[in-house]
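The lines below spell out each chain.
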Amino acid sequence: MELFNEKGCLTNEALAALQEGTLDELARLEAAEHLAYCDRCMDRYTLLLSQTALEQPPKPLGKAVRQSLWVRAMQTRLGRGVVACAAAVMAIGLWSGANTLMLSPAARALPPERPAITAPDSCEFLEAAKQPRSPAAPVRAVWEQALQTIQSTTGGFDHEK
Amino acid sequence: MNAAQFESFVEQYEKLVYTVCWQLVRDRELAQDLSQETFLSAWRSIERCPEGHESQWLARIAANKAKDHLRSAWNRRVSLSADGSTPGQDVPDTAPGPEALLANRDGAKEVEQLILALREPYKTPCTLCLLQGKSPGEAARLCGRPPGTLSAQLSRGRKILQQQILERRARDGTV
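In order, the protein sequence lines correspond to chains X and H. Take the first sequence: its position 75, counted from the start at 1, is 75 in our numbering, and no numbers get skipped. Take the second sequence: its position 158, counted from the start at 1, is 158 in our numbering, and no numbers get skipped.
There may be inaccurate statements among the hints.
[Stated by the list, open to error] When the alpha-carbon atoms are kept at most 30 angstroms apart in a straight line, the in silico BS3-like pairs for lysine-lysine are as follows: (1) H:123 with H:134; (2) X:59 with H:15; (3) X:63 with H:15; (4) H:109 with H:123; (5) H:134 with H:109; (6) H:109 with X:7; (7) H:123 with X:7; (8) H:134 with X:7.
[Said to hold, decoys possible] Beta-carbon label-pair distances, calculated as ranges: (9) H:76 with X:27: 15 to 21 angstroms; (10) X:85 with H:29: 36 to 42 angstroms; (11) H:108 with X:44: 26 to 32 angstroms; (12) X:48 with H:112: 34 to 40 angstroms; (13) H:116 with X:72: 15 to 21 angstroms; (14) H:53 with X:78: 34 to 40 angstroms; (15) H:45 with X:83: 23 to 29 angstroms; (16) X:100 with H:5: 54 to 60 angstroms; (17) X:19 with H:47: 27 to 33 angstroms; (18) H:110 with X:72: 52 to 58 angstroms; (19) H:5 with X:1: 39 to 45 angstroms; (20) X:100 with H:47: 49 to 55 angstroms; (21) X:85 with H:72: 33 to 39 angstroms.
Honestly, the hints are just simulated from the structure, not real lab data. All values derive from a computational prediction rather than experimental measurement. Even for Gly, the Cβ is constructed at its ideal location relative to N, Cα and C.
Please build the complete structure, drawing on both the sequences and the hints.
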């Protein structure tokens, strides 16, 4: 039996065999490929189907389709919800972490004075570095001096009055 | 179309869609699953459904679903099985391809004859691509077939040709 005519369309015999179930797997694949794009053959096929008794699905499709649509919608919404929650948790975590660092008394305090770095005695070539230098004023001392100067000239900060 | 209207649409066409799937795959359970997939796809693009041609539109989606299933099942079987019960299944990878034979003068005439004697839907893609040197995309445009379908048909046609060449060689005692 010829499945396709010279124009490459399904023959009437092929459509009849498809309905009767006498086509093998390769022939059914070829027919499906053709029906998937050929408007003319699809019109002929649906016309044939409209003239014959159609098969009843084992289970009604309406309920199954509705359930599948609901599940997919929930998956989409749930997916979005999970992403939003994860983003919120990350944002809160970052915010609270930053607050802990920025607002804690230890963080607000002035930096401690660094211990002086001295060269080991055994290093002769560093002797020059051990010579007394004019020590830089420690930061804390400078800060306190500045505060005293401000207080003496302005009589203290406004909010303390 | 809202969900309630779509449900009545499903009820109206479920027999048609199931029959198309059943006639193409010949498996009740699979046909049920493919029918369900058909309606889910239909729901996603319901606005593209042409008025007055609902049955053709749904049957087209169902045929596409069945085609995808049959094609993947066929490809799986061809790659796993080598019992030779179906065309192209027992062709070893080392067998000479039609392109290789077309390149030499002795084989070219023989392969040309084999291609022209192929049945549809393989004759047109093989003629355009193997004899006329068209690309699969160009050939698909020329014969009005989707590119994926043409590539699949070209691949199966090539396998059929390879098997015919091997059979001819074995008959002539040249292999």
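The hints, checked one at a time:
1. A hinted pair counts as satisfied when its Cα atoms are at most 30 angstroms apart, and residue 123 of chain H with residue 134 of chain H qualifies at roughly 14 angstroms.
2. Annotation: proposed proximity of residue 59 of chain X to residue 15 of chain H holds, straight-line Cα distance about 11 angstroms (limit 30 angstroms).
3. As the CA atoms of residue 63 of chain X and residue 15 of chain H are separated by approximately 14 angstroms, the hinted pair is consistent with the 30 angstroms bound.
4. Using a Cα cut-off of 30 angstroms, the hinted pair residue 109 of chain H and residue 123 of chain H holds, with the two alpha carbons roughly 16 angstroms apart.
5. A distance of roughly 19 angstroms separates the Cα atoms of residue 134 of chain H and residue 109 of chain H; the hinted pair therefore holds under the 30 angstroms criterion.
6. The suggested pairing of residue 109 of chain H with residue 7 of chain X holds, with an alpha-carbon distance near 25 angstroms, which does not exceed 30 angstroms.
7. For the proposed pair residue 123 of chain H and residue 7 of chain X, the alpha carbon gap of about 11 angstroms is at most 30 angstroms, so the pair holds.
8. Between the alpha carbons of residue 134 of chain H and residue 7 of chain X the distance comes to roughly 20 angstroms, so the proposed pair stays at or under 30 angstroms and holds.
9. In this structure the hint that residue 76 of chain H and residue 27 of chain X lie 15 to 21 angstroms apart at CB holds, the actual value being about 18 angstroms.
10. Taking the beta carbon of each, residue 85 of chain X and residue 29 of chain H are about 38 angstroms apart, inside 36 to 42 angstroms as hinted.
11. Under the hint 26 to 32 angstroms, the C-beta atoms of residue 108 of chain H and residue 44 of chain X, about 39 angstroms apart, miss the expected range.
12. Look at residue 48 of chain X against residue 112 of chain H: about 38 angstroms separates their beta carbons, and that is inside 34 to 40 angstroms.
13. Separated by about 49 angstroms at the C-beta atoms, residue 116 of chain H and residue 72 of chain X break the suggested range of 15 to 21 angstroms.
14. Between residue 53 of chain H and residue 78 of chain X the beta carbon distance is about 37 angstroms. The supplied range of 34 to 40 angstroms therefore holds.
15. Between residue 45 of chain H and residue 83 of chain X the beta carbon distance is about 26 angstroms. The supplied range of 23 to 29 angstroms therefore holds.
16. At about 56 angstroms, the beta-carbon gap between residue 100 of chain X and residue 5 of chain H stays in the expected band of 54 to 60 angstroms.
17. With their beta carbons about 32 angstroms apart, residue 19 of chain X and residue 47 of chain H fall inside the hinted range of 27 to 33 angstroms.
18. Roughly 54 angstroms separates the CB atoms of residue 110 of chain H and residue 72 of chain X, a value that falls within the hinted 52 to 58 angstroms.
19. Taken as a hint, the range 39 to 45 angstroms holds for the pair residue 5 of chain H and residue 1 of chain X, whose Cβ atoms sit roughly 43 angstroms apart.
20. For residue 100 of chain X and residue 47 of chain H, the hinted distance range of 49 to 55 angstroms is satisfied, since their beta carbons lie about 53 angstroms from each other.
21. The beta-carbon spacing between residue 85 of chain X and residue 72 of chain H, approximately 37 angstroms, falls within the hinted interval of 33 to 39 angstroms.
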